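J.: Take a look at the letters that make up each chain.
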Amino acid sequence: AQTVTQSQPEMSVQEAETVTLSCTYDTSESNYYLFWYKQPPSRQMILVIRQEAYKQQNATENRFSVNFQKAAKSFSLKISDSQLGDTAMYFCAFMNPNTGNQFYFGTGTSLTVIP
Amino acid sequence: KAGVTQTPRYLIKTRGQQVTLSCSPISGHRSVSWYQQTPGQGLQFLFEYFSETQRNKGNFPGRFSGRQFSNSRSEMNVSTLELGDSALYLCASSLRVAPGANVLTFGAGSRLTVL
Numbered sequence: 001a002q003t004v005t006q007s008q009p010e011m012s013v014q015e016a017e018t019v020t021l022s023c024t025y026d027t028s029e030s031n032y033y034l035f036w037y038k039q040p041p042s043r044q045m046i047l048v049i050r051q052e053a054y055k056q057q058n059a060t061e062n063r064f065s066v067n068f069q070k071a072a073k074s075f076s077l078k079i080s081d082s083q084l085g086d087t088a089m090y091f092c093a094f095m096n097p098n099t100g101n102q103f104y105f106g107t108g109t110s111l112t113v114i115p
Numbered sequence: 001k002a003g004v005t006q007t008p009r010y011l012i013k014t015r016g017q018q019v020t021l022s023c024s025p026i027s028g029h030r031s032v033s034w035y036q037q038t039p040g041q042g043l044q045f046l047f048e049y050f051s052e053t054q055r056n057k058g059n060f061p062g063r064f065s066g067r068q069f070s071n072s073r074s075e076m077n078v079s080t081l082e083l084g085d086s087a088l089y090l091c092a093s094s095l096r097v098a099p100g101a102n103v104l105t106f107g108a109g110s111r112l113t114v115l
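Each protein sequence line maps, in turn, to chains A and B.
First residue of the first sequence: 1, per this note's numbering; consecutive thereafter.
First residue of the second sequence: 1, per this note's numbering; consecutive thereafter.
Simulated from the structure, these hints should not be mistaken for lab results.
Hints may contain errors.
Said to hold, decoys possible - Here are a few chain B residues that face chain A, going by a calculated C-beta distance under 8 angstroms: (1) LEU11; (2) ILE12; (3) SER31.
Claimed, not checked - Stretches of chain A that chain B covers, calculated by requiring three or more beta carbons in the stretch to come under 8 angstroms of a beta carbon on chain B: (4) 40-46; (5) 106-115.
Treat the numbers as computed from the prediction; the structure is a model and nothing was measured.
Just so you know, even glycine gets a beta-carbon here, dropped at the ideal spot from N, CA and C.
Isolated chain A, as found in the complex (with noise of 0.2 angstroms):
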């Protein structure tokens, strides 16, 4: 089975900085796919980014991005500039196509934004 690693459960970052969360994850695999998700205290999850495995180019939308390092099995999601509404619970998920839907999802980190 895949397994994925968050192992922050906790960070804070004040307004307008930046943050690092850290991702870890256990495959044999070489196709595959990542995903981070949002969840605010709403409680709805929300895609933020997602990475193709076999694409070398990291992936960005707006605020986010990702550092994905293939050999290392590492896949972190920068926030820039953040705000307030960036507060929830940061899930990294795992998919492997070749078994059909099936998402692996870490711990999650919660993330405070402090004004």
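On the provided structure of chain A, position chain B as indicated by the hints.
T.: Only chain B this time, still in chain A's reference frame:
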């Protein structure tokens, strides 16, 4: 475009009872997945349905079951409830048009409390 709708949002049951949760996916999405979210275990995959067929199942006892209807709506059922079944049950839908080209869109969840 309406999002993923889960009902009920909150429910309280007692041990030994059974519960049925409902999920209406985004229009056009044929895949529905269910996840159990608890503070201790995080997000764990229950099962996925696609075109009324269960395509994948997580490591949960047979008390957890589901089905999908021809309109892609899905229900999950938990029989003989135990205290440990208290959790947030999340439903997610996706297009599942090709391996890997899938993003999960989550509903707000059904919060089950077992007394």
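J.: Could you run down the list of hints and mark each one as holding or not?
T.: Status of the hints after comparison with the structure:
1. LEU11: With a closest approach of 15 angstroms, the LEU11 (chain B) hint is violated.
2. ILE12: 17 angstroms, violated
3. SER31: For SER31 (chain B), the interface hint holds, since the closest Cβ of chain A sits about 6 angstroms away, which is under 8 angstroms.
4. 40-46: holds (count 5)
5. 106-115: holds (count 3)
Violated hints, in rising order: 1 and 2; the structure is consistent with all others.
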